[in-house]
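In full-length UniProt numbering, the protein residues as written are 1 to 340.
Read the hints as simulated data drawn from the structure, not as lab findings. Just so you know, these numbers come straight off a predicted model, no measurement behind them. Backbone N, C-alpha and C define an ideal beta-carbon position, used for all residues, glycine too. You may find that some hints are simply not true.
As the list claims (entries may be wrong) - Restraint ranges, calculated between C-beta atoms of paired labels, are given here:
no., residue 1, residue 2, range
1, Thr235, Ala48, 15 to 25 Å
2, Gln331, Leu108, 33 to 43 Å
3, Gly305, Thr235, 22 to 32 Å
4, Asp328, Glu167, 20 to 30 Å
5, Glu126, Glu37, 39 to 49 Å
6, Tyr64, Leu302, 44 to 54 Å
7, Glu37, Glu281, 22 to 32 Å
8, Arg175, Ala87, 19 to 29 Å
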Amino acid sequence: MGAHAARPARPAHGSGTAQAAGPRDLRDAAHAAQVRELTAAGVLEDPAWRAAFAAVPRHVFVPYFFTGRGAGHERLWGEDPDPAHRARWLRGVYADAPLPTRLRDGELVSSSSQPSLMAKMLQALEVRDGDDVLEIGTGTGYTAALLSHRLGEEHVTTIDLDEEITESARAHLARIGYRPTVVTGDGARGCPSRAPFDRILVTCTLPLVPHAWLGQCRPGARILAPLSTGLIALTVRDADFAEGRFLHTSAYFVPLRGATASPTAPGEASYGLPYELVENERFQFMLVLTAGALHPREALDLWRGEGRPGRERFGVTVSAEGQWSWLDDPQGPYVWPLGE
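Generate coordinates for the entire structure from the input sequences, incorporating the hints supplied.
Put into C-alpha cells, the structure is as follows:
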C-alpha cells in the first residue's frame, strides 16, 4: 500500500469537563460516519477498499464546492468565516452525493464523484496487488488517492486535460502524502509513456472507447468506463480488440473533453416519446446508447418487445473495424454501430 502522512496525536481532553469539538474532530467524525454508511450500504465489502476509504479523507480533496444552478451558484468553502457556512460545507463533503468543484462560464467542467458510485467502480475494477492503473479524469485527486492507498502510488497514473485541475489535484494528494504520477494531457490519447496498464478507470462519460487505450493495455486488462448512462466493463484481448458488458449500475459523469466528442444528450434523441418513458432510467440508457443508429420509436418498440431490458443485458465490442453496442449477444440480431 502507498505511504500516507501520519496524523499528529490529538491533545487530551480535560478530565471531567466536556470540551467543544474542534474543526478537526468534526471532520474526523464526519469522515468516520461516511465510511460506516458506505459499509452499511454494502458498497465496501472488500476490506482493502474499506481501509482505503477510511484512510483518505474526502474533505482534503474538496476544500470548496458549488451548489445551485445557472446564475444561482453558491460556493461553500471549508475556511469560510461564517460557522454556519462551514457546517454546510462539511455536511455536503461527507454526503453521498457528487459535488461540482469547477465551473467555466457557468458550465460544470469537473466534480467530485458520488462516493458510493466510486466505491462500486473501484470494486468492479477488480484490481490485484501489483496492477498498474491509469485513471482518465483526475478531478480532485480523491480517486487517485484511494488507488494509491490500495496499490501503492508507484502503480497509479492519472491524467486530465486541464492544468489547473492537475495542479490542484497534486497539491491535494501531496497534503496527505501521496505522489502518484499526475499528467496534464488528453485522456482520450491515454498515457503511452506510462504504459502498459492492467486497468483503466474512466471518470468521465464517453461517446466511444478511444482505440489508443487498447494498445496501452496488457492482454487481459480491464477498462471500466461510463458510456451512455451506464458503466461498461471491457476485457482487452489485444491492441485491436476488447469486449464486455455493462454493469447494472447507473452512472452520470461530466463528458470527456479532448480528442473525443461529447455524447448525445438524452433529450436530443427523445423527441415525440411519452414523457414517462423518456424519464425511465433503463429506457433512457438504451435511447442514448442507440442514438443515431435507431430511431427513438424503433428503440421503444425493441425495448418493449425484449421485456424492457436493463443495462446488464447490453454490451460493447471494440475492434480494428469499428465499435458496436449490442443486446444479449455480440453475434445476435440486435447490434448497432456505436457513436453514430
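Quick rundown of the hints versus the structure:
1. Thr235 <-> Ala48: 15 to 25 Å: Check passed, 22 Å falls within 15 to 25 Å.
2. Gln331 <-> Leu108: 33 to 43 Å: Since the Cβ atoms of glutamine 331 and leucine 108 sit about 39 Å apart, the hinted range of 33 to 43 Å holds.
3. Gly305 <-> Thr235: 22 to 32 Å: Between glycine 305 and threonine 235, where Cβ atoms are some 29 Å apart, the hint holds.
4. Asp328 <-> Glu167: 20 to 30 Å: 46 Å, violated
5. Glu126 <-> Glu37: 39 to 49 Å: About 24 Å separates the Cβ atoms of glutamate 126 and glutamate 37, which means 39 to 49 Å is violated.
6. Tyr64 <-> Leu302: 44 to 54 Å: 45 Å, holds
7. Glu37 <-> Glu281: 22 to 32 Å: 23 Å, holds
8. Arg175 <-> Ala87: 19 to 29 Å: Since arginine 175 and alanine 87 have Cβ atoms about 22 Å apart, the given range 19 to 29 Å holds.
In the structure shown, a violation is registered for the earlier hints numbered 4, 5, in ascending order.
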